[in-house]
Every structure is written in structure tokens, then in C-alpha cells.
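Just so you know, the protein sequences line up as chains S and D, in that order. Per the numbering used here, the first sequence starts with residue 1469, numbered consecutively. Per the numbering used here, the second sequence starts with residue 17, numbered consecutively.
Hints are not guaranteed to be accurate.
[To be verified] With beta-carbon atoms standing in for the labels, derived distance ranges: (1) D:Gly116 / S:Asn1560: 33 to 39 Å; (2) S:Asn1800 / D:Lys127: 25 to 31 Å; (3) D:Ala43 / S:Ala1615: 47 to 53 Å; (4) D:Pro138 / S:Thr1744: 48 to 54 Å; (5) D:Gly116 / S:Ser1773: 34 to 40 Å; (6) D:Gly44 / S:Gln1729: 55 to 61 Å; (7) S:Glu1549 / D:Lys119: 56 to 62 Å; (8) S:His1603 / D:Ala43: 26 to 32 Å.
[Stated by the list, open to error] Stretch-level coverage of chain D by chain S, calculated; a stretch enters the list once three of its residues show a Cβ under 8 Å from a Cβ in chain S: (9) 55-61; (10) 70-84; (11) 118-130.
To be clear, the hints were calculated from the coordinates, so they are not data collected in a lab. The beta carbon of each residue, even a glycine, is placed where N, CA and C say it ideally should be.
What follows is the residue order along each chain.
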Amino acid sequence: MNTATVPRDRVAGYSVTGIREDFPILRTRVREHPLVYLDNAATTQKPQAVIDRIVHYYSAENSNVHRGVHLLSELATAGYEGAREKIRAFVNARDAREIVFTRGTTEGINLVAHSFVAPRLEEGDEVLITGIEHHSNIVPWQMLCDAKRAKLRVAPINDRGEVILEEFEKLLTDRTKIAAIVHVSNALGTVNPVSTMIELAHRRGVRVLVDGAQAIPHMGVDVRSLDADFYVFSGHKVFGPTGIGVLYAKSDLLEEMPPWQGGGDMILSVSFEKSTYNEIPYRFEAGTPNIAGAIGLGAAIDYISAIGIDRIHAWEDELLRYATESLSAIPNLRIIGTAAEKASVISFVLEGIHPHDIGTIVDQQGVAIRTGHHCAQPVMRRFGVPATARASLALYNTREDVDALVAALGKVNEVFG
Amino acid sequence: MNGDLRDLYQEIILDHNRKPRNFEKPAGANREAEGYNPLCGDHYTIWLELDGETVRAFGFEGSGCAISKASASVMGTLIKGKTPAEAQQMYETFRDVVMGKVKPDLEALGKLAAFAGVSEFPARVKCAILPWHAMHTALEGKETAVSTE
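Bound conformation, chain D alone:
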């Protein structure tokens, strides 16, 4: 793999694409949102269980490219146990990183750093953001399908 491709398809992304975590609807889900990109067909449903203070559980189902699927899977592992405000903050940080707006502080980003390479591939930015966008919608309690187109 040449350098640029390794930046995009990092091992953690390939791993989460192969074995997506929380790839099912949580029993106690009380928020739901759809993320759909009609141009490429990426289509996910994401669920949250909010217990009043934190995101107690997360789950998703659907299909799409490796970037979008891994993004949803990694997102789930990061927001579980966080408060909605913290999850919201992560969404904003993630968005800025993949859009190349900020120079990423790789250490502070933790697993999110794996997505820093996406900013070099403008056509793929929307893939990475799609599940986060859906999560954001679910947090706000809207239940309509969101699109990054």
C-alpha cells in the first residue's frame, strides 16, 4: 500500500469494517436516526439509549463503504458512557478533523486520529461524517433521515 492509501485505510478502520462493534439495536434504545447518502447508497440506522445523564448504549445497522462503517463503529465505542454534551463535542472535533479545518492533535484524538487521513480525500469526507451526523440528530431527538449530500 502506498503512503496516502495507508493514511486512509488504517488498520483500525479495516478492522472495524470487518468486525463492526455494536452492530445491532440495543434493547433499551430510546433514540433513533437514519443516515443516508443517496449518491453512494450508504445507509445506516443508529440507536442510542440515553439514561438522562449519559449515552448508556449505542448500536447501528446498515451498509456502506469501509470508511462510513468503521466511522460508525469507532464512534460507538467512543461515545458510550459520555454525556450528550461530550458526544456533541466529539462530533464537532471529528468534523473539523476530517474536513481538515484543524491540525489534529493525534494524541488527544485517540482512536479518532485514524480518520485524520480522510481529509486528504475530499470525496470521502461525507462517508466519514455520515454516522456522526446521524448520531447528532439522534441526540437532538430528531428522528428523520439525515443526509450528507
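So here's chain S without its partners, still in its complex pose:
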């Protein structure tokens, strides 16, 4: 860690001041302090461009998609399908038909569990996950395994919070019907070597779902170079609206999958005897979709693409190093999760002080962090803590934000001193 020699704006052309001006909420004050928003792993703030795009949609284009020959319906459809194409390009999928709109990461995982894995899963078969999964990548598999009398296998992690690859490899068996792995851990920040893990799984003929909710806002994701079979993420964690998410799936897999919800838009023809299902991806988008959400997410993708996801990654990487160094200097602070490869997230505890007390006191200084188990109770159990405090960074955060957190933690120690 050599932050002293790193110039403050080492990421060429990265204007964090300009970026911050794009996010109106960052100008608000919290309890008489400027807002310091470090809860980006929970949800990200929205740039004006996204807000404006949604306002414009509802003000000038609102209509239903894929039906109606009138102009507004054409505009709504163009916006919705345009967003699909933007997402395709952003994750480098081969074909826009491989992009299914969902409500979010959770729905994407449930869709794959229901439509891809369930029909293939028999008694005694196995589903493989890792020890750092979010509840959303545990519970759907648990439910499915219970229903099918299949087994949920968990690849263990080491004391740094990294998946032990040898163990992961050993747990890939002839009975494994899917490996569902997180790209970046929301609780610890660990970046899983998903490319290697996918290769290991494919060698055994096992398909892989990657939970990319915490990766997409922070690093370039190329689903084809990863060779991911399924890749899921949420719009609201990547500066888009809530209630919209994405399932990427290879088209040959999607073609094999039955629909998961029935309704309008997912059919070609309906009679009381039989319905013919629509083509992919529409087969998986029953009912009127979240049109404004998809269009807003498209605007968010445009926004980060204009800055450059690699530049964002470099900026955050430097900031994460700075934050790690600054927090480590607090004597009674212990960082939970010290993987060699991390992104965005620092989870920590202060000796003798419960994370909720930390959260309340730093909030009084205008600093928003998350405290609790981060929907990852098995991770908390692994590290023997009931909860942690978590700071998570995004493209608009600065060293000043980190300094404000450190000062606020000083206040915590003062109260409990």
C-alpha cells in the first residue's frame, strides 16, 4: 500500500468534482452536516441524467410496449428495447435477446432456479454455492433443494474471506447441476476469481450463475470473456432506479427454458386449449414490464459509459486503498475481510462497541454507512461477529468522504471512551 506516492487525481481525466455535481442528492445536508454517502453497496444515488430521463419518459413518451401502433407506443417500445441494447453492449453479450429484464438480482436468481435448474434437478443432485453469498443467492437454492430433496453444497472461505478454490473444485461433482457464485461479496468486498471458477465448473460440465450485483457498478464485466452462463444484477446498485434488474443468459440456454410466469407479452397466441409462448427474451417478461425502470437503467449505463468503467474502477481502487489505510490506523478497529482482491467494500468492527451504536453516532455526523449482518448471516458467523459496520464506495466518493468517516469514528470512540 503506497498511497503516499499516488497523486490525488492519478486517474487521468477523472473529474470527481464534476461527477459529484451530477448527483443532486450529494448537495443535501444531513443533521446539519454535508451528506457523506458510504452505503453504496445497499443502493447507489442517481445522477440527474437518470432522473431527467425518467421524467421525460413519463412526461412525453408514456405508453405500453410491444402493442399499439400509435406513436407513443412506438416511443416507449424504442426506449425499452433501446435500453436492452445498451445493456447488451455494456456487458458485451452477443445478442440483445440474451438480456432479460427482471425486478432485480433476486428475481434473476429465482428465475434461473425455477426455469433452468428445477427441471434438471433430481433427488440427490447438488447445487454449489460459496461461503460468501448474499441471502438472495442462498435461499432460492435452499428452497429448490428442499423441494427436490437435493443437496446444497457450500465452498468454504479462508480467514481473509476468499473462497478456497481447491475446495470449490472438489465440490464440483457429476451431481452438481449449477454453481451459483457471487462476483463481489457485498459483506466483505472480496472479488471472486469468477473466470477461473467458471472454467473449473465447465470442465466438469457444470453451468454457472454469477451474482454480479456488487461487481457491475465497479468494474468492467464482459460476460463472453468470462464465459458466464448466467449473470444477474440490479439496476439500483448501478445508479439506475429500483425495481429493475437484468438476467443475462446464453441464448441457447434461454431457448431451452420454460417460462416462469404466465401472462401477457410472454405469449404468441392464446386459446383456451393451448398457448404458444413468445420468443426469448419476451417469454420471461410476463405482464407490462417496468418500462420507465428499464429506460432509466439505460440512461445510467450511458452515464457510466461516458465516464468509462475502467476509469471508475481505477478511481475506486485507489480510494479503497486510502480508506483501508486510514481505517487501519484506528487502534481498536478491525477490518473483516482482507482478501487480496477487493472492491468497494470495507467491513469493520470497533472493539467493544456494537455496530448499531457506531451507525447511529456516525449518522449524527452526516455519514451514512450500513450496520448489521448485510443479508449475509453465514459470513458473520464465519467471522464470529453478530454484525459489522460497512462503508462502501462508489464513483462519486472522495478522500474527504473517507476522512469524514474516520473523524466520525473518532466521535464514536469519544462517546464510548
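Go by the hints and put chain D onto chain S.
For chain D alone, coordinates are given in the frame of chain S:
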């Protein structure tokens, strides 16, 4: 400490958090209840010894935030020697105070007044109530874990 924080983390709360009173199972305990908040991990077991007329002894164990721990500790010092009906009345008063339902009469509340500031912190109300909720369950003779979520 600024004003609001001092309202929440009063000296009496910090003191009971540092040195919780009755932090063990009483020898004659005949009622037990668990208080558990799965969201933040606050988890306590509380014990009562009822002798037919009063709460003869109180004890608790477990872990959680300063507010919940101090709440359990202060509660114990207040309900010992009281009748179940009186303890029940205190539970209701305490609940109303931390939820901001009544303007607290600080003098009449005594040590409970230290928790009046909690009402300004909606996210922390459940922390303060958790042990009281468990005590209430123990009084009623139920032995299942209670939750304030």
C-alpha cells in the same frame, strides 16, 4: 458530544453498558425468555424468579448494542421487588416513552427517563424495547424467543 447524541447515550446508559447489573442467571430462576433481533443480532436471555407475590430476582445474559444492554440492566434494577402487575405497568410506560407516545414525566420515570431520548432515534426504539418485551413474555410464562422485528 452534540446535544442529540448526549440525549441518546446518557451517562447512565453508558455506565450500564460498561457494567451491566445482574448479568448472570439467578440461582432460583423459574421463568425464562429470549429476546432476539435477527436484523442486528441483539440476543439476550432473561430470567425471573417469581415468588408468588413479587419479582424476587432478575438476571440476564447475551450480547447486543449499548442501548439494548443498558435497557436490560436498568430494567432489572427497577423490577426487582415489584409485583408482576407493577412490572407490567412499567413495561407499558417504558414502551410509550421510547416510542414517543407520551411526553415523559421525567421525575416520575426515575432511571427510565434516561431512555426518553431514544424516541428521537426511530431506528433504535426496537433496541430499547427488546429486553422489556422478553421480560413481559417471561412474566406471562411463555418461553419462546421474542423478536422486536
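Quick rundown of the hints versus the structure:
Between Gly116 (chain D) and Asn1560 (chain S) the beta carbons are some 53 Å apart, a value that contradicts the proposed interval 33 to 39 Å. At roughly 29 Å, the beta carbons of Asn1800 (chain S) and Lys127 (chain D) sit within the given window of 25 to 31 Å. Separation of Ala43 (chain D) from Ala1615 (chain S) is about 48 Å and conforms to the stated range, judged on CB atoms against 47 to 53 Å. Distance hint check for Pro138 (chain D) and Thr1744 (chain S): the Cβ-Cβ separation is about 52 Å, which falls inside the suggested range of 48 to 54 Å.
The given range of 34 to 40 Å is broken by Gly116 (chain D) and Ser1773 (chain S), whose C-beta atoms sit roughly 47 Å from each other. In this structure the hint that Gly44 (chain D) and Gln1729 (chain S) lie 55 to 61 Å apart at CB holds, the actual value being about 58 Å. For Glu1549 (chain S) paired with Lys119 (chain D), a C-beta distance near 58 Å keeps the hint of 56 to 62 Å intact. A C-beta distance of roughly 41 Å is found between His1603 (chain S) and Ala43 (chain D), which places it outside the suggested range of 26 to 32 Å.
Restraint check on the stretch 55-61 of chain D versus chain S: 5 residues with Cβ-Cβ distances below 8 Å, three needed, restraint holds. Counting residues of the stretch 70-84 of chain D whose beta carbon lies closer than 8 Å to any beta carbon of chain S gives 5, which meets the minimum of three for the stated coverage. Counting residues of the stretch 118-130 of chain D whose CB lies closer than 8 Å to any CB of chain S gives 0, which falls below the minimum of 3, so the coverage claim is violated.
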